[in-house]
Amino acid sequence: KAGVTQTPRYLIKTRGQQVTLSCSPISGHRSVSWYQQTPGQGLQFLFEYFSETQRNKGNFPGRFSGRQFSNSRSEMNVSTLELGDSALYLCASSLVTGTSNTEAFFGQGTRLTVV
Amino acid sequence: AQSVAQPEDQVNVAEGNPLTVKCTYSVSGNPYLFWYVQYPNRGLQFLLKYITGDNLVKGSYGFEAEFNKSQTSFHLKKPSALVSDSALYFCAVRDRNSGNTPLVFGKGTRLSVIA
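The listed protein sequences correspond, in order, to chains A and B.
Numbers 338 to 452, taken from my numbering, label the letters of the first sequence in order.
Numbers 2 to 116, taken from my numbering, label the letters of the second sequence in order.
Simulated from the structure, these hints should not be mistaken for laboratory data.
Idealized CB from N, CA, C, for every residue including glycine.
There may be inaccurate statements among the hints.
In silico DSS-like cross-links for lysine-lysine, where the CA-CA straight-line distance does not exceed 27 Å [what the hints assert, rightly or not]:
(1) 59(B) / 394(A)
(2) 108(B) / 78(B)
(3) 394(A) / 350(A)
(4) 59(B) / 23(B)
(5) 394(A) / 78(B)
(6) 70(B) / 23(B)
To spell it out: a stretch of chain B is covered by chain A in this simulated footprint if at least three of its residues, at any positions, have a beta carbon under 8 Å from a beta carbon of chain A; those stretches are [to be verified]:
(7) 41 to 47
(8) 90 to 97
(9) 102 to 115
Assemble the whole structure, with the sequences as input and the hints as a guide.
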């Protein structure tokens with residue numbers, strides 16, 4: 338079974354630009370979550386999608402947005418990039434069974450560098 | 002609100018010695034608890050989880066964790082450390098009674114196993 342796939346793996350963008358990151362979950366997983374990882378802040382939750390609907394949202398500005406498609410693939414978009422957006426962006430998928438005890442499986446991440 | 006504390010940023014241990022990575026949590030109800038490991042330039046890999054039942058949980062690669070409700074702790078342990086265990090370890094929690102809320106992660110503990 339293929340794991341969670343994130344593309345691209347590395348990205349360099351200029352301040353003010355926008356970027357789109359992609360995540361393909363494990364086959365059969367319907368929940369996709371996004372996290373931002375930085376050395377100082379650890380993993381911070383961005384948002385979660387389930388069946389094309391945003392179910393949870395973290396405390397990030399509106400420049401961060403996402404969506405999920407009918408095949409469960411998800412994209413996140415960051416507009417008007419700032420230097421502080423440089424981070425590893427991680428996508429996680431999980432098999433939602435109606436309980437909260439299921440573990441999430443993570444992709445390798447997209448390393449975004451804003452210059 | 003849910004929270005996780007990993008009190009040590011760095012843990013150093015000699016190869017062959019036992020290791021412990023500490024984690025304490027705070028939830029309003031009962032917790033689901035998880036440990037993940039991250040190797041350089043990789044995503045997070047699931048190690049083990051506590052749902053209910055036996056307080057000692059066994060996971061991948063010889064790791065185990067002990068749930069202690071009175072101390073609100075879920076420390077990760079391994080009887081004999083390997084150099085290949087050197088990585089970044091994350092503890093995560095979800096409130097059992099909160100429905101499908103996102104996992105909340107600690108800031109991580111860097112484990113260094115010295116040959």
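Cross-check of the supplied hints:
1. 59(B) / 394(A): Answer violated: residue 59(B) to residue 394(A) is near 32 Å, above 27 Å.
2. 108(B) / 78(B): Judged against 27 Å, a Cα distance of about 18 Å means the pair holds.
3. 394(A) / 350(A): Distance of about 25 Å is within 27 Å: holds.
4. 59(B) / 23(B): holds (16 Å)
5. 394(A) / 78(B): violated (33 Å)
6. 70(B) / 23(B): With Cα atoms ~14 Å apart, residue 70(B) and residue 23(B) stay inside 27 Å; holds.
7. 41 to 47: holds (count 6)
8. 90 to 97: That given contact holds, which follows from 4 residues of the region 90 to 97 of chain B lying within Cβ reach (below 8 Å) of chain A.
9. 102 to 115: holds (count 8)
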